[in-house]
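2 protein chains.
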Amino acid sequence: MVRNAGGRAFDAIRTLSVLQTIGAPGTIVVMHHTDCGMTHFHDADIKKALVEIAPNEKSSIEASRFGEIKNSIEESIREDVALLKASPLIKDDTQIIGLAYDTATGALTEVDDSKSAL
Amino acid sequence: MVRNAGGRAFDAIRTLSVLQTIGAPGTIVVMHHTDCGMTHFHDADIKKALVEIAPNEKSSIEASRFGEIKNSIEESIREDVALLKASPLIKDDTQIIGLAYDTATGALTEVDDSKSAL
Numbered sequence: 001m002v003r004n005a006g007g008r009a010f011d012a013i014r015t016l017s018v019l020q021t022i023g024a025p026g027t028i029v030v031m032h033h034t035d036c037g038m039t040h041f042h043d044a045d046i047k048k049a050l051v052e053i054a055p056n057e058k059s060s061i062e063a064s065r066f067g068e069i070k071n072s073i074e075e076s077i078r079e080d081v082a083l084l085k086a087s088p089l090i091k092d093d094t095q096i097i098g099l100a101y102d103t104a105t106g107a108l109t110e111v112d113d114s115k116s117a118l
Numbered sequence: 001m002v003r004n005a006g007g008r009a010f011d012a013i014r015t016l017s018v019l020q021t022i023g024a025p026g027t028i029v030v031m032h033h034t035d036c037g038m039t040h041f042h043d044a045d046i047k048k049a050l051v052e053i054a055p056n057e058k059s060s061i062e063a064s065r066f067g068e069i070k071n072s073i074e075e076s077i078r079e080d081v082a083l084l085k086a087s088p089l090i091k092d093d094t095q096i097i098g099l100a101y102d103t104a105t106g107a108l109t110e111v112d113d114s115k116s117a118l
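So the protein sequences, as listed, match chains A and B. Using full-length UniProt numbering, you'd call the opening residue of the first sequence number 1 and step up by one each time. Using full-length UniProt numbering, you'd call the opening residue of the second sequence number 1 and step up by one each time.
Treat the hints as calculated values from the structure; they're not laboratory data. Some clues are possibly wrong.
Copies of the same chain are indistinguishable here, so a pair counts whether it falls within one copy or spans any two.
What the hints assert, rightly or not - Under the rule of at most 30 angstroms between Cα atoms (straight-line distance), these lysine-lysine pairs were calculated in the BS3-like manner:
#1 Lys47 to Lys58
#2 Lys70 to Lys48
#3 Lys47 to Lys85
#4 Lys47 to Lys70
#5 Lys58 to Lys48
#6 Lys58 to Lys70
#7 Lys91 to Lys47
#8 Lys58 to Lys91
#9 Lys91 to Lys70
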C-alpha cells in the first residue's frame, strides 16, 4: 500500500514500478476519500505557505504540484487512473481501477474511467 | 502517515511539506522495518527489470533511484533523517527522529543519528 497526501498517483509511481519488478501485482487500486484535506487546501495556498518557510526555494516551489483536488474526488481518481494507465513504467496488462471511499457511510464506489474527459 | 516501498523519505517530501502548511506537526518519525523488500532487491536489478518493461525509458530509469537499502536499516533510517533535516521544505524546528521496527519481536528502537557519518 502507498499512502500520501491526497492519495495522488504521481508520488506513487516509484513504489508501484518497484513492486511489479519484485512481485506480480495484477491490479492497482487508486482510492481517494471524501472530505480529504487535499479537497480543502489548494496548491496556491500551500505554495504561499512553503515560500514563507523556504524563500530561497521559491522557483522550485512554484513549479511543483502539491496534489490539490480541485473538484470532485471522482475527477481526481480518474486523473490518477489515467496517469497510471499512461505510465510506461506500469505494465500494460496491469488492471488499474479507481474507487471512491465515502468516509461518512463506508461505501466504496467504483469510478468508471470511461467517462473521463482525459 | 506516508507509506511507500522502503519507507524512503525522498518520496515523502511533498506530503510532509504539505502537512506542515495545513497543520502543526512538531515531529516527523522515519520508520523502516527489518526484512524489508528493499533490503533484498537492489536498484540495479529493479532498473534491469524496468528497462525490459519500458525500453524507451532506459535513460530516465538508469538515472532514477528506486529506494534500495544497501546495508542496515539503521543506515537507511539515518540517511532519511538526514535528508529531512537538510530539506528546506521542512521547518527547522520540526523534530525528526528515526525508529527501527523489528518485525520479529515488535521492538522499536530509536536510531541515534549523531552516530551517522552523513
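How the hints compare with the structure:
Taking the shortest Cα distances, Lys47 and Lys58 sit within 30 angstroms of each other inside one copy (8 angstroms), while across copies they are farther apart (33 angstroms). Proximity of Lys70 and Lys48 under a CA criterion of 30 angstroms is satisfied intra-copy only: 17 angstroms inside one chain copy versus 38 angstroms between copies. Proximity of Lys47 to Lys85 under the C-alpha cut-off of 30 angstroms is found in both arrangements, the shortest distances being 28 angstroms within a copy and 20 angstroms between copies. Taking identical chains as interchangeable, the C-alpha atoms of Lys47 and Lys70 lie at most 30 angstroms apart only when both belong to the same chain, with a minimum of 15 angstroms there against 35 angstroms between chains.
In the homo-oligomer, the alpha carbons of Lys58 and Lys48 lie at most 30 angstroms apart inside one protomer (9 angstroms), although the nearest pairing across protomers, at 36 angstroms, exceeds that limit. Only within a single protomer do Lys58 and Lys70 lie at most 30 angstroms apart by alpha-carbon distance; the minimum there is 22 angstroms, versus 34 angstroms between protomers. For the homomeric pair Lys91 and Lys47, the shortest alpha-carbon distance between copies (14 angstroms) is at most 30 angstroms, but the shortest distance inside one copy (34 angstroms) is not. Proximity of Lys58 and Lys91 under a CA criterion of 30 angstroms is satisfied inter-copy only: 15 angstroms between copies versus 36 angstroms inside one chain copy.
In this assembly of identical chains, Lys91 and Lys70 lie within 30 angstroms of each other by CA distance both inside one copy and across copies; the values are 29 angstroms within and 26 angstroms between.
Comparing the model with each numbered hint stated earlier shows that all of them hold.
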